[in-house]
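> Here are the chains, one letter per residue:
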Amino acid sequence: METEVLIIGGGVLGAVVARELSRYKVDVILVEKEADFGWGSTKTNMCIVCQGGDTLEFRPEYHRSKLVWTSMPLMEPLCQEIDVPFKRVGELALIRNNEELSKFQKLKARAEKLGMNGHQFIDQDTLRQMEPHVTRKAIGALFDPNIAVVDPVRLTIALIENAIQNGVDVKRETEVIEIDRGVNQFEVQTSRGTIQCRYIVNAAGTSVDKIARFVDADDFVLYPIRGYVGILDKNLGDLVKHEIHMRPDEIGQMNILTPSVHGNLFFGTTMQPAMRGDYSTTRKIAQIGLKNLQKIVPDLSEKDLINAFAGFLMFRNWEVGWHECVVQPSRKVPRFINICIGYPGVSAAPATGREVIELLQREGLKLESNPKFNPTRKAPPVFNQLSEEKQRELISKDMRYGHVVCRCETVTEGEIVAAIQRGATTLDGIKFRTRAGMGRCQGGFCTPRVVKILSRELGVNEGKITKKGWNSHLLLYKSKELIEAQT
Amino acid sequence: MKYSEIDVAVIGSGPAGMAAAIKAKEEGAEHVLIFERQEQLGGLLHQCIHNGFGLLYFGQDLTGPEYAHRFAEKVRDLGIEVLLETMVTQIASDRKLTAINNRNGVIHLQPKSIILTMGCRERSRGQLAIPGTRPAGIFTAGTAQRLVNVEGFVPGKRVVILGSGDIGMIMARRLTLEGAEVKAVVEILPYVGGLTRNEVQCLHDFQIPLLLQHTVTQIHGEQRIKAVTIAKVDDEKRPIPNTEKTIECDTLLLSVGLIPENELSRMAGVELDPLTGGPMVDPFRETNVSGIFAGGNVVHVHDLVDHVSWEAEIAGASAAQFVRKGKVEKKKKILIKPGENIRYVVPQTIHTQQDVTLFARVKEMEENVQLKIGDILSQPLRVVKPGEMLRMELSQSQLTGLKEGTNELMVECRKRR
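Residue numbers (numbering that gives the first Met the number 0), protein chains in the order written: chain A, 0 to 486; chain B, 0 to 416.
By construction, these hints were calculated from the structure, which means they are not laboratory data. All of these numbers come straight from a predicted model, not from anything done at the bench. Where a beta carbon is used, it is the ideal one built from N, C-alpha and C, also for glycine. Just so you know, not all the hints are guaranteed correct.
Stated by the list, open to error - Computed footprint of chain B on chain A; a stretch qualifies when at least three of its residues, placed anywhere within it, have a C-beta under 8 angstroms from a C-beta of chain B:
1) 69-80
2) 386-398
3) 467-473
Can you make the complete structure from the sequences, with help from the hints?
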């Protein structure tokens, strides 16, 4: 297989680069090691779109800061173009004492100097009106109306779908095993054969340094820091309306509570160094998380939690600055571009996509615009968000939209079939594309039903259906099979 | 039947829904309509192919499908309307109801009364915050039960079961019969969560190891589950360091509790009891929303299906009365309060006009106790367990004999000295 540009990694950054490249007449292949897109750092975060200036670690001189704040105005139009949900919730940074107040005053002044406007201080009474359940310990808050939330996995899938529409080739369950550097090209060995390419965009998320090391293009250091996020029951959806955070009392803790585009609340708990790829959670962290959550909204309890997950932030080192990103061509290897935002990757994605195009051109890639490029992509119908009239219309056209498969999130068979037609092949694929299994019963009811539909639509035996690709099979034996094997 | 003329709408057709619908019809409600989201009547009974159903109700030992079949025949014979493969998506406090199916599209109706019989769901891994990775091969016991008994698949052959609820113990036996090896049933409490009869018939009779005061502290495996780490716990249910042990397995089942399914109740403005997770009800099984009744596991998680049907019948009869008279007549109200070692009591309020049966669950297992209701009932019990429901009968004369001004009764379960 041969291509001009190979993108390694189908997270939000790889996807946004693929879509940007599809504006031009150039051969592009994107490889993703998982069974679906956006399953690494893209899926494991708080889903917040921020401009970076709102954090105290913000450094205007960072390249990352520039990417994040130039992305901010691009995100909403992008979401509209490719038909994914975007919700501007606004942010409240809680202030508990005068010391914090003076810190936030400095922050506000700095943000304004950089042209990021809209921040305003609000007093305790206004805060109480805006968020009645928030802790009484807050004496006020710094309000930033610009902050928004998105669904990063849906965003990624939409970008990929649009890229495919415009000619990009994508390959899933395709892991890069080795890269050989030739004179004018790279030879990339994958779990599904060799790909020759002239340019590589390395967007491999937490594996970005590992991939770069194959050709000694790892002229940067990254430290993985694991963060934890908890998900609360939808019943509490309107408990808070803004993204709310509080300055942590201890290093490594996160006190963030935010609505999501789907009506659940997410809370960030804590960060700690961990082995990368180890997405496991621990009991202790869950307890710390709950304690931190209660600092923001005291009446929440563990009963309100429906799930929790871990994700990674990648930190640089003190020489370049802990919070700096890597969006640069390798200094040692021509035509090899490394991209890793570290965090917040989703927020920085739109501008990063554009910048990678410039970097590729600087490395010598000739780009001629693709006259057939179509920037719009249409999302499949989301039944429970349609008007009743539209629901009726849909059912009369396709009866499968009248069959509810996931009761918690009201996901219909029609939506599941549509997701399969657009590329879902696994149980988790269905979950992230349609939300079937994401509700309070966490797939207890719909799992056997979704497996059946997957098997029918893909034309394979149910025993072949996996949770998340590779060897994650769900049903290992047929009934009586084990008994017969014993006799 | 015209949907505009429905007297009683019943949500769900498990052991509660069918019993409620039948009773409502027998008590004179003309147009009774059952909503069922699956392809057939019976709800979860179809996957419960073991026996033990109907001992109290029919005086016979039936399987789940047999128990369902008896009710389904009666539903048919009485001419009760049924909408299968139909999901109720909304109920408002004025009883306006929205449902979806693939034949009628979106259905709207406003029945004269509604009976909530949605049953319960299983607690998931996420809610327990079990630490570890997220591989395939972790199922709730009920999901596994459906996979084995209805879909014809055995999820794996080396199984650990966390929790000793009834479905978990029943699945331990079922998977053993299917040729799988159940390596352990791990229970955090010092006693099983389900019925003693299941402990004996499903675990001891099949020599399945039961590890009391243990829990799963870590899940291992990236793609399919490979092993779990278990540990002993102290009296506060905290894992004890250095007691960890790893068990290799390809499947982990969770049987760690059931939660009444009350999303629709919430939409309708029905007040829920935080202790049961179900609606607050009176002895007529009416909720705080006039004309909306509830029965079975949606109210509180029962131990025996017979009790589920029995409770739902009360709701059915009351709904019929509501349709007939426009209200359910109630005399003086008394609050029932859970006291020492009582987790909850249902109904949460009673009325003095008739005999009443109270159901309660204890918080902790205890031997040699005295069960008391105010000062009108006091009875010794040899042993009480959270897995087995307490049932108490109060007669009308006991209630009318209460001291003037009594508006509250405390149910307690004290250790005898």
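> Take the hints in turn and mark each one as holding or not.
Verification of the supplied hints:
1. 69-80: Three-residue rule not met by the region 69-80 of chain A, so violated; n is 0.
2. 386-398: holds (count 6)
3. 467-473: It holds, with 6 qualifying residues against the three required.
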